[in-house]
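We have chain A already, so just place chains B, C and D on it with the hints.
Residue numbers (the numbering used here), protein chains in the order written: chain A, 32 to 323; chain B, 32 to 323; chain C, 1369 to 1620; chain D, 1369 to 1620.
None of these hints come from the bench; they were simulated from the model.
A few of these clues could be false.
[As the list claims (entries may be wrong)] Covered stretches of chain B, going by a simulated chain C footprint (3 or more residues, C-beta under 8 Å):
no.: 1; segment: 228-235
no.: 2; segment: 262-268
no.: 3; segment: 283-296
[Claimed, not checked] Okay, derived cross-link-like pairs now, DSS-like style, lysine-lysine, Cα gap no bigger than 27 Å in a straight line:
no.: 4; chain 1: A; residue 1: Lys167; chain 2: D; residue 2: Lys1592
no.: 5; chain 1: A; residue 1: Lys72; chain 2: A; residue 2: Lys241
no.: 6; chain 1: A; residue 1: Lys241; chain 2: C; residue 2: Lys1507
no.: 7; chain 1: D; residue 1: Lys1413; chain 2: B; residue 2: Lys241
no.: 8; chain 1: D; residue 1: Lys1507; chain 2: D; residue 2: Lys1592
no.: 9; chain 1: C; residue 1: Lys1507; chain 2: B; residue 2: Lys167
no.: 10; chain 1: C; residue 1: Lys1413; chain 2: C; residue 2: Lys1507
no.: 11; chain 1: D; residue 1: Lys1592; chain 2: B; residue 2: Lys241
no.: 12; chain 1: C; residue 1: Lys1592; chain 2: C; residue 2: Lys1507
no.: 13; chain 1: A; residue 1: Lys167; chain 2: B; residue 2: Lys167
no.: 14; chain 1: B; residue 1: Lys72; chain 2: B; residue 2: Lys241
no.: 15; chain 1: A; residue 1: Lys241; chain 2: C; residue 2: Lys1413
no.: 16; chain 1: B; residue 1: Lys72; chain 2: B; residue 2: Lys296
no.: 17; chain 1: A; residue 1: Lys296; chain 2: A; residue 2: Lys72
no.: 18; chain 1: D; residue 1: Lys1507; chain 2: D; residue 2: Lys1413
Backbone N, C-alpha and C fix where the C-beta goes; we use that ideal spot for every residue, glycine too.
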Amino acid sequence: MTMAEAIARFVPDGSTVAIGCALEPLIPFAAGHELIRQRRKDLELVGPISDSLFDEIIGAGCVRRITAAWIGNVSGGLGHCYRRAAEQGIPRSIEVHDHTNFSISMALWAAAWNVPYVPARTLLGSDILRTNPNIKAVDGLVHVNAVRPDVTILHVQRCDEHGRAHAWGPLGISEEAGLAAERVIVSCEELVDEAVTLSDPNRILLPESKVAAVVHEPGGAHPAPVQGFWKRDHALDNAYADESRTPEGYDAWLQRWVHDVPDRKAYMKMVDADSIRITGRRPSEPANFADE
Amino acid sequence: MTMAEAIARFVPDGSTVAIGCALEPLIPFAAGHELIRQRRKDLELVGPISDSLFDEIIGAGCVRRITAAWIGNVSGGLGHCYRRAAEQGIPRSIEVHDHTNFSISMALWAAAWNVPYVPARTLLGSDILRTNPNIKAVDGLVHVNAVRPDVTILHVQRCDEHGRAHAWGPLGISEEAGLAAERVIVSCEELVDEAVTLSDPNRILLPESKVAAVVHEPGGAHPAPVQGFWKRDHALDNAYADESRTPEGYDAWLQRWVHDVPDRKAYMKMVDADSIRITGRRPSEPANFADE
Amino acid sequence: MSDYTEQELMIAVASREIRDGELVFVGMRLPIIAYGVARNTHAPKARGLFEVGLMRDHAATTYLGTMGDPPNVVGALWATRMSNVMALMAQGHVDLGFIGGAEVDRFGNLNTSYVGPPERPRVKLPGSGGGADIAILSKRWVTLMTHERRRLVERVSFVTSPGHGDGSPGWRRRHGLLGGGPAAIITTLCVFRFPSEGGEAYLDSVHPGHTVAEVRESTGWEVKVDADVTETPAPTVNELREIRLRAAAGSR
Amino acid sequence: MSDYTEQELMIAVASREIRDGELVFVGMRLPIIAYGVARNTHAPKARGLFEVGLMRDHAATTYLGTMGDPPNVVGALWATRMSNVMALMAQGHVDLGFIGGAEVDRFGNLNTSYVGPPERPRVKLPGSGGGADIAILSKRWVTLMTHERRRLVERVSFVTSPGHGDGSPGWRRRHGLLGGGPAAIITTLCVFRFPSEGGEAYLDSVHPGHTVAEVRESTGWEVKVDADVTETPAPTVNELREIRLRAAAGSR
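Next comes chain A alone, as it looks inside the complex (with noise of 0.2 Å):
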């Protein structure tokens, strides 16, 4: 399935989308940019840190409630689009459900496990109990309600068409992101056959039966890294800083990203993929799952 196909069957307006789950690494731009060329409306953005993609699609005015713990550019510091949105109303005004790394953890192990609330010592002596109407201070707890994507988004090294997911590298909270969600979207480097990912049933992420769709793209996390296959691109995140400062700058930066490109495939080629591109090989000791 192509990425417009799976964001026009998956994720319709006004859905809670978790997305970036991983933090840093594996951030799903590509389905980003997607929501944002299908011109989402009215979505609610879950997840912990996502670098510069809650920001972009906050700038495109599709965001209606934010609910994490950091939204800015990891390596610019403010997110512009975030300040103006919530400062101006620019594009449009956005709710704000603050929360801390580890509660946002929690509240999807809480929809994980449907039940309305899992406790975290966390947030105590904190004015976030004041902004967030789904945290509550409760003898000495507090309890953090349980958040409910209507869908994960996740980008991961490799995948077969079944849904079998092989991530490595630090994973955040893209598990429980992905056992919490009503449908997972699933985007690939490598489209594999069932033979691999069935080589390895503990690096399989989440069950095939949460997985909705599997979407082969290759570069689908730049400028995030993704471990074994491409280096962060410091400067093109650096770049998005710098230009999204003003609504003209982040306007012309929409257009030559995301509007004038038709997909990933034609993103890629403008991008310097050679200069990011992993070529080494560091392969992990093969586990022996033989039986007989």
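Structure of chains B, C and D alone, referenced to chain A:
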């Protein structure tokens, strides 16, 4: 470190010990037998379903309390030593904190996250709510109180001297039991160089800071299976179920398989290892961890 | 008609409870075999979940002493933590579960914990395992047991895995149990079923060679017999082949 | 004495906060570099935790734009879920954490959320990230920031990451915060420290080339000056080499 040293140093009388956390495979029988040989007293055993290991340790009189979901012989049904202890106080009476598989996992996650309880949707309408003081019904949910083991004992396929353990196949509650514990003892089929374990940091089960002892103990899970190393020894497991029906039968079993055996190496000479050794190869497809 | 044991009949009947495409929470021993039979006969699209931490499509063909035996891991679709498997069930994704029972009552409540007072039991049974989790969270479940008067009792003395509670309409909903409860009790003599809205078990079919009278007298409660009670269909040649393929090696 | 930037001095000072053998919760940017410097100088046995889901011993030697960059994964001691890393911190295993701040007050409370009313902020800051988690759960923590009057304020308008609250003795204990709270504020001009029992920041050392008067006038509260306030030791040649090794490639 030898198993004898690890048990002597890290499992004093009265300890709360989580063991058999993968339910059926990777059960640390060697560690359990060493607990018996060293005549540990007043242990609290924590686990889900631990094949016949808990029954064996109860029969030897080492146990004060059971905090578990199921105690018996996976192939044989009833746990005869467990019955004698609970019904007649032979060789000593034990306290039982009944759990389900789901609730014991939640109890360990609560300890891992250092919260007093985690809510769950299970156990509603069950009389276990009447017999386990650590699980309470609270407005339409149950609160499962934290269970924090003093020590969790795990058997894995391979580990390095620093405690970086690689385990594969189904893992049951191994991860939360290890994270919840004060310290962890790892026994392994293969003691490997850190080049092997660090080649795949995603397969490292627990942070090395939790691991107090690493014991190289081939066959340490027998008669339980170890993916890639040992099939399950059905015959021997069934034999225990039969012999333990009477106190005399159990005592004879104990003498022959535990007290008269100095260590696991000697034990493995007593079993028909060739009939259960896994010799085939089903290597997992490597993941590329390269960064450039 | 080929000869078969009562265990083989129970496995065949259990396998027929699995509908194609369903996600099945598979217990140990008989249900593992029943799942394999269903996959290779009428339910090729069923998937199995194992609380040890596995999801599978096709079943292992060799004998399994436990769900964690190596052949059950080869070809698995997911090897993970038990709590992840339980998460799927808590979300209502498990269509059917199997639970072994020592004692069941007319409302489908199971006791696998204590016969007699918990503080000084006459018989200490192994406990819940995942049984109570399945009983509370799966959409519907089935239990298998040897048909004896001491096992099929008016009311169990201890409810480990709740069925329809006191049998009053909506008991499960009122107590916050998410799943639908017991759908059938498969014994060595017959099959009991439950009204979809819960309540009391009724005799649905009697196994070949047995009678309603025999069922009545080996059951600890006043058996309610369905108007069109039938004879349980015997295992087919296909079913028997699949059963024996899996049972042979290790049945004791 | 070799020349250095104020950023390099801050990194050197931050690295000295790390004691050998400690488990350090490493934040992004400057702290990542500080951790690497400490490991290769005075704290060869320190371990680093990264909320993205990593534990490391030796630090990556190339520039890291984020803690999730591929060089930070090669040689990692554990690659896992964030919630597992947070579990260690919730258990009190993290000795020292670093938090970046936009606004700090005399009691060490940090604001990284809102300048002005949350419902209509003058400045919407990125938010907590893991900051509040570190502030509440690590044994002690340190924050780094540019020394400006608008950043070092009498009281922050919004407490994202609590320090010593209202400064009253035992405030953290009374509110159930498990960790010990802020130990130091490292700015472009100086280092503030806190009494072990909490309370108000005091000026501990002033960076070379700066004065107490300068600190007073660029700080939004009445600065308490320690009796034996000293000059912050300049970065050593060793420290500078380690810093530049890591900063060069990617500093903007």
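To see whether the hints hold, each was checked on the structure:
1. 228-235: violated (count 0)
2. 262-268: holds (count 4)
3. 283-296: Three-residue rule not met by the segment 283-296 of chain B, so violated; n is 0.
4. A:Lys167 to D:Lys1592: This hinted pair is violated, its Cα atoms lying about 36 Å apart.
5. A:Lys72 to A:Lys241: With Cα atoms ~24 Å apart, lysine 72 (chain A) and lysine 241 (chain A) stay inside 27 Å; holds.
6. A:Lys241 to C:Lys1507: Status holds; Cα separation ~18 Å.
7. D:Lys1413 to B:Lys241: Holds, at roughly 16 Å.
8. D:Lys1507 to D:Lys1592: 24 Å, holds
9. C:Lys1507 to B:Lys167: 24 Å, holds
10. C:Lys1413 to C:Lys1507: 18 Å, holds
11. D:Lys1592 to B:Lys241: 42 Å, violated
12. C:Lys1592 to C:Lys1507: Roughly 24 Å between the alpha carbons, so the hint for lysine 1592 (chain C) and lysine 1507 (chain C) holds.
13. A:Lys167 to B:Lys167: 21 Å, holds
14. B:Lys72 to B:Lys241: OK: lysine 72 (chain B) and lysine 241 (chain B) at ~24 Å, within 27 Å.
15. A:Lys241 to C:Lys1413: 16 Å, holds
16. B:Lys72 to B:Lys296: Holds, at about 25 Å.
17. A:Lys296 to A:Lys72: Roughly 25 Å separates the two Cα atoms, so the pair holds.
18. D:Lys1507 to D:Lys1413: 18 Å, holds
In terms of the numbered hints stated before, the structure departs from hints 1, 3, 4 and 11, listed from lowest to highest.
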